[in-house]
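Those sequence lines, one after another, are chains S and Y.
Using my numbering, the letters of the first sequence correspond one by one to residues 1 to 822.
Using my numbering, the letters of the second sequence correspond one by one to residues 1 to 103.
Heads up, a few of these hints could be off.
[To be verified] Listed next, with one range per pair, are the computed distances between beta-carbon atoms:
no. : chain 1 : residue 1 : chain 2 : residue 2 : range
1   : S       : E800      : Y       : D57       : 21 to 31 angstroms
2   : S       : E800      : Y       : E40       : 34 to 44 angstroms
3   : S       : E145      : Y       : E40       : 32 to 42 angstroms
4   : Y       : P53       : S       : R301      : 36 to 46 angstroms
5   : Y       : G18       : S       : T283      : 50 to 60 angstroms
Hints listed in this document are in silico derivations from the structure and should not be mistaken for laboratory results.
All C-beta atoms, glycine included, are put in the ideal place defined by N, C-alpha and C.
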Amino acid sequence: MSDPLRYVGFDLGTTNSAAAFFDGETVQVVRTSQGGQLTPSVVRITKKGATSVGHKARRFLDKDADNTHTGFKRLMGTGKTLAFPAAGLERRPEELSAEVLKSLIADVDGQFGFAPTRAVITVPALFELPQSRATTEAATLAGLEAIELVQEPVASALAAGWTEDSAGAWLVYDLGGGTFDVTLLASQDGVLRVEGHDGDNFLGGRDFDTAIVDWLLTTLRDDGCDVRRDNPAHGAALRTLAAAAEEAKIELSRSEQTTITLVEPLVVDGEEHEVDVPLDRATFERLVLPLLDRSIDVCLRLLDAHDRRAADIDRVVLVGGPTMIPALRARVQERLAPLAEHPHDPMTLVAQGAALFAAQAGLDAQGATASLPVRHERGHKVLLKYPSMSTDLSPFVIGRVVGQADDGARLSKVIASRHDDKFVSEPATVEEDGSFAISLELLPRRANRFSLMGQAEGGDPVTVEPGAFTIVHGLTIGDPPLSRSVGVALANDRVRVYFERGTPLPAKRTFVHHTVDAVAPGEDDHALVIPLVQGEFDDAHLCRLVGSLDVPARVLKEVLPAGTQVEVTLELDRGGHLTAQAYVPRIKEVFEGVAQLLVPACTPDVLEAELRTMHERIEALRADAFRMRMPELIAEIDKLMPDLDDAERGLDAARGGDEETAQRARRNLIELEARVVQLELTRDWPEIDSEAVDDIAFAASWVSSLGTETEQKLLDQAIAQANRAREAMDAGQLARRMRRVRNLGEAAYYRHPESWRHQFEFAAARADEATDPAKAAALVQKGRAIIDSGDHMALRPLTEQLWGLLPIDAKKRQRSHLSGVR
Amino acid sequence: MDDRFGDNPFFVLELEVGCTSMDVMRQADKLIGMLELGVEKAATYPTPAGDKPRTVDKVRAARARLLVPEKRFFDEIWAKARAVDGAAAQAAGPDLFGALWWR
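Isolated chain Y, as found in the complex (with noise of 0.2 angstroms):
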């Protein structure tokens, strides 16, 4: 089941929440890169809840979230919520995300 807290964009790019487009762009190919060369210290990403294992995939989603302004928006109120509520959103993220892809 996808984890839309711990997946946030923000986390898997490692980028505070006013980065430009380009901040995204650059923060990605960069990543992508060091990935695709097995460079260790890109295999991972911090979160609130500890650190998550960071793939090509998450890195090219997180880059598309971030580049469309309406999904952005949204992960920033969850990266901005994560110093509030972290642990609370944690425990609810995944359920509540989840069901938000039914339709």
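Just chain S, same shape as in the assembly (with noise of 0.2 angstroms):
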């Protein structure tokens, strides 16, 4: 018998954090040393430089706040440090991290007697690249020899499902302290797929007990005490209510009633005042009904993305503490569907999950590999592939012979027996090539474990190593799929997509750009800039950089003129680590290993700036909304003055040097300028929408007279979702769906023998401006030789390459990330 199964997954959240523990059949929450099950993501550092974790941290969060921090997983891949001035000294947000791992990973071994070196850790659906890859350097550090991270979602699904039946559509509904994000996913035959994400940045528990402070400052002005929010005096007041709002939230999902009480009278300009306030379950439920619905709302909107209602819905699975609101929980029902069926703790639910999925990647918790072959005096050796964990009840073992037994007799045939004795295998031929494969049988949600036993040419039993190896049935989900697409910033602000968001995880692809401009050697460091964009927009500008691949000017031997090839590949593994890699065929030299993936810094003056803009736009759009007389899109507009609003304390915050509310201002700039983007297209929406028109009739009727059949059938698909798209007015969905109508009518355009003859032409007419102009002009006059010679098809890769040559707007290069290729 080899040693149990041992899987450990963990749950690094902002606040608190978990681990769990898988056996192959049961999953088990790990206890932490103080007895609980929840390790508060707090680390403290003493003047000595003694470090702790945890509750014994979190104790001095209010009496030692400079040298103790919590909130940090926001911060992961930024690069920022964090100040410990008693002991002098400065830690990354990976280095916390990684001793909340430690201290997770002591909790594993003080339970079940091993301390794993091998996890999976979950992360947020929409973490970005740097901080996937900071996650993992904050595992390693932790002393983790192997992981691989799972997005949380997933895990919370995963852990869902492995108790109850999990065919049909799922939300999981995860409401943290100050985030919200839902998942859409849907199982058939027992794999689990992610079909969409949406969330709410700005909506948490916190705005819960936000709610409630409103409510009690208006109560308590009644009696005589004023505390206002925009008084900077009262800041030390407001975060005293905002606690006590907090227990008093808690203390509501498990009674009816509960009182507002202070231990110590509130100290407002200069006076105490008594805060004795009841507070009513009703009353709560009143104050917070709206930001229920608000958080429906984006469950819906995400349904309606991917053209379901609530009535598919099979179930919601609930994450987070806020989730155990009564209200919210009878709100959910009745508005989006049934909660699954099994009481799941939605405060662990995640590091189940976890385990749960260590267990599909076959991540033994202290690296024992079953593929591998194990050293043996006797016996055949052979290598074995299979399964960890499997969905299909009638999986194979895949087996390879490797080394022959000390006898010298031929392996011919293997035999697997089920450990209950209740299956036994057909005899599995071993091939020519040393090769065989056997059907197994596995019992539902169980550990099934197999012997091998092996037969010589005359039958005789012979011996197999390794002799066993074991397969848990269960829920499993399909490769991991990437959270948000990535590609390339080109010069134009558009963007070459490398990965689609949802793509299988790991991935590789390779795509050909040309350089913009003529690159020279010298001592320049990002003489050839590549951008890596990360987001869902057209526009470069719109997607978040994450990392950029830099040709230095002090390795190039020759001039690289404008319009070189640059072979860019892009690879992501499974945990969503980003490698680049740049070829350039002309000096045959490669260019690797130099994505800097940090999440851009975030300056009070950058802060400032892109504020400002965002104001000018919005009171652009508003004017034009009045001018346009469009009510609906003043009220949208309205919509977003609270953000912005959010967005201004943030840079206050900058100002002040809290690096975390200066990250989260600095991502709720960017999604509010993508809402801005939608708005502003709201306005155009007369012009857009004719455009789409255009270009149908233009699909239509190129696809009618050069498409095949199996073309026609895609366009007709694709203006039908177009036309649902102009149906709901909604222009982000028609320019997704455009891009296919497009496609096809180019491709159909395209086989015109005249059509490279005006594309040629169109080009040439500006061949004066463009950056090489001598090169131009022989391209010129060579396509007008091949148009004498009437071979209008051999114009194509002319045109390309007169295309390229043709210059960038400086401003949109600026845009897109300073990028040098197109």
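Got two chains here, each in a separate frame; can you build the complex from them with the hints?
Right under this line is the structure:
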């Protein structure tokens, strides 16, 4: 018998962290040294340099705030450090997360008697690439040798699916302290698949506390205690009330009524006020109902984006502390779908799912690898491949003989038998190349252990090593999907998408780009910049810059002329780690390992400039909306204002050195800009719609005359989807749908023998603007000769070269993260 | 460049259009195992335009596509079309679908 199965998962949370253990049949949440299940994600370093983590550190959050940090998960990948002045130390967020992981590892060791070296760690669904990389670094610092990352909603769904019938569509509703995330999943034949994410970065449990505080302020004002949010001198009083509001919120999840009481009188403008205010559940529910509905509206928006309705959802899995509020649970059931049947602990579900995912990934906590041959003195040595966790009740084990037994007898057949003796496979023939495949039968929801036995050519039994293996049956998830599209920002402010959102990981793709300008040898470290971006927008500046592949001038031995070909390869592993490589065929040089993945810095100056621009755009939009008499657009613009105010507060925080809040403001500003873009599209709707109609007519005309039957079918479907977006007046959706319509139309158009002559003439008319006029003139001359010869299709490569020489608008290039390629 | 016709997931996995999700998972796991062990007969797959090399990445990508109903729909159209206009689709396929990756 080999070692028992041991899989470990960690939920490295912003506020709390947890660990879980899976033995192939049962998932257990790991107890902390304090006897609980949650470890506060808090780290303190004392004057003597002693580090404490969890509950012990949390006690000092108020008393020794300078040397006690929490919430550092939000700073992962930013390159920022956090100061511990008493010890004179600085620590990066990755190092602090590593301390939390070490504490969780010690808890696993304490309960199960071994320290895991391999594990799964969860990350938020919308984590950016640098943040994922930082999480991996934290794991390495904590001593873990191998890890896999899995998205939190996937982990939650896996854990929920482990204990109940999983077929159908699911929503994972995850309400944290400061953010709300919702994920749509579909499960078929026991395989779970992520269909989409949505969320609201401005909505969380803290907003519930704020609603109580606002109510409380009004109540106290009636009693002569006037605490004002806009008075900086009232900050301490507000923090005290917020802490009391949070306690009241938690209390009202269990009881019908509570009293908000402060241990010490509240000091406001030098006067002391006793606070002793009763709050019943009905009042609380009235206060938070708009927030609940806001979260459910996000869910409905996600469903709508995937052509689904609430009635299509079979169950909702709740995650996060605030989901214990009874009114929330009732509202979710009323407006969305039934809750998952089994009671799940919303605080530890993510960690449980991580442990289950470790089983699927075959990530044994101490590195036992069943697929490697076991060294043995006797028996035939084989390599085995099988899913460590399978949805399929009849999976295969594939094997290959890599070493003969000491007695020299040839292995002829291999048989697998399940350890309950109720299944014995058909003897599988060992092929000439030493391979064999055995069909197995699993018991559902169990760790199924099998023994392997071989037969020599005469039928005599012979030993096979390894002689046993285990497959766990249960819900699995397809290859982890990429949460945000990844691509290269082009100099014209567009994006060349390498991996669409949802691409199964790992993934690798290569595209050919061309340099915009000539690149000369010299000292410049960033002679050619290839920005790597993440996001769902066509415009590069709206996507997040997550790294940059730079070609330094000092390594160049000759000038790369404008239009030089650069082959860029991006590769993502299962954990979402990105590597990039650029090959320049002209000089036969490869540039790699230079992707600098950091969440961009967030200085007050940058934030302030972005905010100013945002104000200007919103005001311009409002003026247009008034002028064009679009009241619905005005209402939508008004909805932006609270978030703009929030960003203003972020700017103040940035000026005060609060990097965490500033980073949140930066992310929110980018999302705010995306919303502004959507509203600008609404404003421009008549023009957009008219353009779409023209493009549909273009595509329909060309595909009907030069397209294949299959293309016609594809076009019909694409047009139907585009028309649905037109009916809904959804500009964003229409833009996405029209991409396919245009591509199909263009594919047919370019089959026309005259198409490339027309394109050539358009490009030739601008040849005098080219970055290399001499080269452009030569191409035009060559093109004319081709036209005279009548071989118009031969114009294609030439026209493409000519396009490559036309200039890029400098402003666009600036916005496109200074990209040097097209 | 991607060959969206020759890399049709039904070809890569050697499955019929009517197969179930479970068939997809089982076949993909089996092929990945064989490829990882270097089993020669798993190294290529037949298409109307001749044998093509099969890799673990291709198998995984094929599995992922066939588990998404909307994507599977398109692949079914192409796989069904192979008997009718296999040669024409092969000629049009790379260009057409290369263009579809643009945005």
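The hint says 34 to 44 angstroms between S:E800 and Y:E40; measuring C-beta to C-beta, is that right?
Roughly 40 angstroms apart at Cβ, these two residues keep to the hinted range, so it holds.
Holds or violated: the 21 to 31 angstroms window for the beta-carbon distance between S:E800 and Y:D57?
holds (29 angstroms)
Range hint compliance [Cβ, S:E145 to Y:E40, 32 to 42 angstroms]:
Holds: the Cβ-Cβ distance is about 33 angstroms, inside 32 to 42 angstroms.
Tell me if the beta carbons of Y:G18 and S:T283 are separated by a distance inside 50 to 60 angstroms.
The hint (50 to 60 angstroms, Cβ to Cβ) holds, given that Y:G18 and S:T283 are roughly 58 angstroms apart.
Could you check the hint for me, namely that Y:P53 and S:R301 are 36 to 46 angstroms apart, CB to CB?
Distance hint for Y:P53, S:R301 holds at roughly 43 angstroms.
In summary, this structure violates none of the numbered hints.
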